[in-house]
Structure formats: C-alpha cells, structure tokens
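Using the UniProt record's numbering, read the sequence shown as starting at 1 and increasing by one per residue.
Just to be clear, a hint being listed does not mean it is correct.
Now the in silico label distances, taken between C-beta atoms and shown as ranges [claimed, not checked]:
id : residue 1 : residue 2 : range
1  : I173      : T4        : 37 to 43 Å
2  : L123      : I185      : 37 to 43 Å
3  : A23       : R107      : 17 to 23 Å
4  : G13       : V203      : 31 to 37 Å
5  : G79       : I185      : 29 to 35 Å
6  : F91       : F111      : 17 to 23 Å
7  : A170      : F210      : 30 to 36 Å
Hints were generated in silico from the structure; no laboratory data involved.
Note that the structure is a prediction, hence the values are computed from the model and not measured.
Don't be surprised by glycine CBs; every beta carbon is placed ideally from N, CA and C.
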Amino acid sequence: MRDTSFGDRFSYGLIIAALFAIALTMVFPFYYMFVTSFVSFGEYMRSDIILWPKVWVADAYYYIFNFRPFLRSLGVTAGVTVVGVFINLVFTSTMAYSLSRAIPGRRFFSFIVLFTFLFGGGLIPTYLVVKETGLIDTYWALIIPGLISAYNLIVMRQFFRNIPGELVEAALIDGASEMRIYFTIMLPLSKPALAAFGLFFAVDHWNHFFDAILYLNDANKWTIQVILRQIVIAGEAMGTIRASAESAAFRSENPPPPETIGMAAVLVATLPIMLIYPFLQKHFAKGVMLGSLKD
C-alpha cells in the first residue's frame, strides 16, 4: 500500500472539510424547518434562533392537518403527479422509441421536436391554446401542455439507440411486432431511464405553481404550492387555518405563531418528494448518463 504524504493527507482533509461544509449548507435549512415547526409559542417569542427546542410541541402540525384546503391540495397534487408522470412516461417513451427506429419521416418529426426545444410559443399563445381547447379550470391544464419534454425525449431516444440492435433484429426474425419489441425488450431494458425521467416529471408536477395560478380559477383545485404560497409568503390563510383548526375542537391560549405553521406546512409538502428520491437514486445517474452517450 502506497504511503500518503503529508501534502496528500492535507489535501484530502481540505476536500472532506469543503464537502462537509457544502452538505451542511444543504441540510441545515431542512433541520431548521424541522425544529422550528415543533417550537412552542413562548420559546419562539423569546429566542432569535432555535437549534433545539426545550419543549417539543406539535401544535403547528395539528393546525395544518385540520386545515381542509391544505389536505385537499395535497390530494390534488398527489393525483396530478401520479397521473401526470404515468402519461408523461407513456408518451415520451413511445415517441422516443419511434424516433429511434428507421421509420419514414423520422428526420422531419425529429426536426419538429428540436424546433420546439429551441423556440417556444410563449406565455400568451400557450394560454390561448389551453383556453380554446377547454382545459381552463381542469387538472388536464397542468398535464397536457407539458405532455412531452423535448429535452427528455431526445435523451430517451438516444438511450433506445444505445440498446444493441442485434436484440431487435433477433426479435424481428422471430416474428415479433414493433409493439411487442417495445413492451418486452425496450421497456424492461429502460428501467434506469424511466426511473430517472419519472423523477424529473414527478418533481415538475409536484412543484406546479405558476400553471396552477394561471389555469385554475377555482381555489378548491389549487395545488399544494399555491396553498404554501398563501401560508408562507402572503399569510392570507393563517386566520382561516386557525379558525378551521379551532372549529375542530382544538383550543389553546397560545396558538403556534404563523412562522412555525409555515415551517410545518413546507416540511409536509416537501416530504413526499424527499421520500421518493432514495428509491430511485440507484437508477438516477445510470439512466441519465446512458442516455447521454452518442453512438
């Protein structure tokens, strides 16, 4: 085993210290949100910054889980995310597979995809299209306009091209159709890419904010990000939250301050995506890197 010099050990120490500092800057905001969401009213008023509550209280979570619009928006966002990711993957993978095959007009359709990647229609034309197609005030307005991402489509097409062509040729010789090749060969071999892009789509749908404000006029259909904006920034919902929670037989002389309710709401809204990521992490880098290779 080669002996490391003092300079090497010093360099490793600096790298580890730098990585630890970077990791700390990323983890600390989540830790601070977590501990602040459990702080009592009195301790919050006495302390400028809280690193560990003296008394852990869950009043903020009681308030938000008794706030019906918050729970409804969680359900709406979860439904839009599940349906949206499934439809995104179906349309993106089928079109990417088609463009990876030697079909008539492949260059033309590839050019159309690349054109939309470089030149977008803009906000007003997109809104008019959504309005004229009758999607305003429907959840489909959050899914259909972003049905196929040109960037993800190009990367996934390249991923299909990197799969050995001998597999497809052998299946064709055995009499398999293109649909059977797609379902029995391409999709099973594309699990890393599907997992990686599924995570991309899930994060995008979970963070729907501007689209929800633009296309959804009914407040009962708002996504969790819009409700969070009201709680954390505008503070418009605080009175409603307290009224809703207190009407649910919760009484307290010192209800939690708005800041702790906001921290609890942000944490609950972020938790689902944070829980999904570890299950897809093993496919994440492999799927994206394989799709980026050029044959």
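Practice item. Look at the Cβ atoms of G79 and I185 and judge whether their distance stays inside 29 to 35 Å. Key: Once the Cβ atoms are compared, 32 Å apart, the range 29 to 35 Å for I185 and G79 holds.
Exercise for review: Return holds or violated for the Cβ distance of I173 and T4 against the range 37 to 43 Å.
Suggested key: Between I173 and T4, where Cβ atoms are some 56 Å apart, the hint is violated.
Check your understanding: How does the Cβ-Cβ distance of A170 and F210 compare with 30 to 36 Å: does it lie in that range?
Key -> Violated, at about 48 Å.
Point to revise | Status of the given 17 to 23 Å range, CB of F111 versus CB of F91 | key: This hint holds: roughly 19 Å between Cβ atoms.
**Study point:** Consistency of beta-carbon spacing, I185 to L123, with hint 37 to 43 Å
**Key:** holds (41 Å)
Review point. Regarding G13 and V203, is the given constraint of 31 to 37 Å on their beta-carbon distance met?
Key: holds (35 Å)
Point to revise | Cβ separation of A23 and R107, checked against the hinted range 17 to 23 Å | key: This hint is violated: roughly 46 Å between Cβ atoms.
Hint compliance for this structure: hints 1, 3 and 7 are not met, and every other hint is.
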